[in-house]
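Q: The primary structure of each chain is shown beneath.
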Amino acid sequence: MAKIVAGVACSHVPAIGAALDNGKTGEPYWQPLFRGFEPSKKYMAELKPDAIILVYNDHASAFSLEIIPTFAIGCAASFPPADEGWGARPVPVVQGHPELAAHIAQSTILDEFDMTIVNKMDVDHGLTVPLSLMYGQPAAWPCPVIPLAVNVVQYPPPTGHRCYMLGKAIRRAIDSYPQPLRVAIMGTGGMSHQISGQRAGLINSKFDNAFLDKLAQDPESAVKIPHIEYVREAGAEAIELVMWLIMRGALDERTKEIYRFYHVPASNTAVGHIILENAA
Amino acid sequence: MSEPQFEDIPGTLLFDAERSRKGYHLNMFCMSLMKPENRDAFRADEAGYLKQFPMTPEQTKAILDRDWNKMLELGGNIYFTAKLGATDGLAFQQLAAKMTGATQQEYADMMLAGGRPVEGNRSKSEWKRG
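If you read the sequences in order, they're chains A and B.
Count along the first sequence from 1, then add 689; that gives the number in the numbering used here.
Count along the second sequence from 1, then add 128; that gives the number in the numbering used here.
Because the hints were derived from the structure by calculation, they are not lab data.
Among the clues, some could well be false.
[Stated by the list, open to error] Derived DEER-like restraints, expressed as beta-carbon distance ranges:
1. B/Q222 x A/R861: 41 to 51 angstroms
2. B/S251 x A/Y718: 32 to 42 angstroms
3. A/P845 x B/E186: 43 to 53 angstroms
4. A/Y718 x B/P164: 27 to 37 angstroms
5. B/L192 x A/D811: 22 to 32 angstroms
6. B/L192 x A/E942: 47 to 57 angstroms
[As the list claims (entries may be wrong)] DSS-like mimics (lysine-lysine), calculated; alpha carbons at most 30 angstroms apart, straight line:
7. A/K713 x B/K163
8. B/K252 x A/K913
9. B/K198 x A/K809
10. B/K163 x B/K198
11. B/K163 x A/K895
12. A/K945 x A/K903
13. A/K692 x A/K895
14. B/K226 x A/K895
15. A/K737 x A/K913
16. B/K256 x A/K895
17. A/K713 x B/K256
18. B/K150 x B/K163
19. B/K163 x A/K809
20. B/K252 x B/K226
21. A/K713 x A/K913
Even glycine gets a Cβ: it sits at the ideal position worked out from N, Cα and C.
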């Protein structure tokens, strides 16, 4: 049977991708951030998961306002990096895991989550920046990745509770998959940031650190945070943090914290990162 | 439609179904700028290019004036208007600075110093008191 071997959360700021792609990681502005992800790269290299489920949001790249799926699972064999208006990121094409993705889709739908199935999709910085942070700049990504896109662009996104429950449904899907795959799940986006309007630039490190604590030790309380609280306390786009709760739902109630990193700023955003494993 | 709690947050516009409906064509114009040939056509004749999209005169004017906050008020969404920003050669942070009324340098300095604090920025009543 397949099993979940790690849960990873991290921000997906586009400027991080641009810094990597343009060789700026050694600059004083970026150095502390990339140094913070060195232990994570080592961890992932040792963990060697057979597949990653990567929860992220599309930023008007694959989905415009024509179709706005709340939860969309990528079941294709591969997903090209999107041209977000200045050319696609020079990163490898993401190879999917169609068999596992189809199983998760079927299992979660029967578990009463109305997933949208996507068989053709470009993936933007929301998905590729976290991979870059975990793996650097390889010629090919080391394992298949199943994209799980969540609408956080048009209000309302799914609630934190709904996301957490979806994570639990994904866990049941993994646990019932007959192949002995070791699967990691990533939740991305956040942490505090607001990139629009006169209040742009909002950062709330107190909120962010409390969220990291809750995520690790008391997910049930993180799940209860209402949308208004994310937006008012941590900025309009901090609502992306609901996606971390999908990752968390796929883990056991009790987890072991492997690593944590927090850094302000990357462009407009507070960067948060945590690695959790199921407690033995 | 809009929820009063959200409307009380200063300098913040919730992109809800109502704004999405009003801003549909504005956002789809921005979406069209994903293609290089459309960016070229827009640059060559902005007003002419915009005629393809059935927007209100206010929306068209906000685009031509690059009034970024007005675009949001009229139903624009930041991830879409950022594509117009990118067409103009603006990085996200430059666009953010413009919406706050700060210079690029002031805004970048604020971010380096830890960002805009939440204290004093939770409710419109706090902004009125100045």
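Q: If a hint holds in the structure, say so; if it doesn't, say that too.
A: Hint by hint, here is what the structure shows:
1. B/Q222 x A/R861: 41 to 51 angstroms: For B/Q222 and A/R861 the Cβ distance comes to about 46 angstroms; the hint holds.
2. B/S251 x A/Y718: 32 to 42 angstroms: 33 angstroms, holds
3. A/P845 x B/E186: 43 to 53 angstroms: 27 angstroms, violated
4. A/Y718 x B/P164: 27 to 37 angstroms: 30 angstroms, holds
5. B/L192 x A/D811: 22 to 32 angstroms: 30 angstroms, holds
6. B/L192 x A/E942: 47 to 57 angstroms: 55 angstroms, holds
7. A/K713 x B/K163: 27 angstroms, holds
8. B/K252 x A/K913: 25 angstroms, holds
9. B/K198 x A/K809: 35 angstroms, violated
10. B/K163 x B/K198: 24 angstroms, holds
11. B/K163 x A/K895: Violated, at about 41 angstroms.
12. A/K945 x A/K903: Holds - the C-alpha atoms of A/K903 and A/K945 are around 13 angstroms apart, at most 30 angstroms.
13. A/K692 x A/K895: Cα-Cα ~34 angstroms, so violated.
14. B/K226 x A/K895: 27 angstroms, holds
15. A/K737 x A/K913: Distance ~33 angstroms between A/K737 and A/K913 Cα, so the pair is violated.
16. B/K256 x A/K895: 25 angstroms, holds
17. A/K713 x B/K256: Violated - the C-alpha atoms of B/K256 and A/K713 are around 41 angstroms apart, more than 30 angstroms.
18. B/K150 x B/K163: Status holds; Cα separation ~24 angstroms.
19. B/K163 x A/K809: Holds, because 19 angstroms separates the two Cα atoms, which is no more than 30 angstroms.
20. B/K252 x B/K226: 20 angstroms, holds
21. A/K713 x A/K913: It is violated: about 39 angstroms lies between the C-alpha atoms, which goes past 30 angstroms.
Checked against the numbered hints given earlier, the structure breaks hints 3, 9, 11, 13, 15, 17, 21 and satisfies all the rest.
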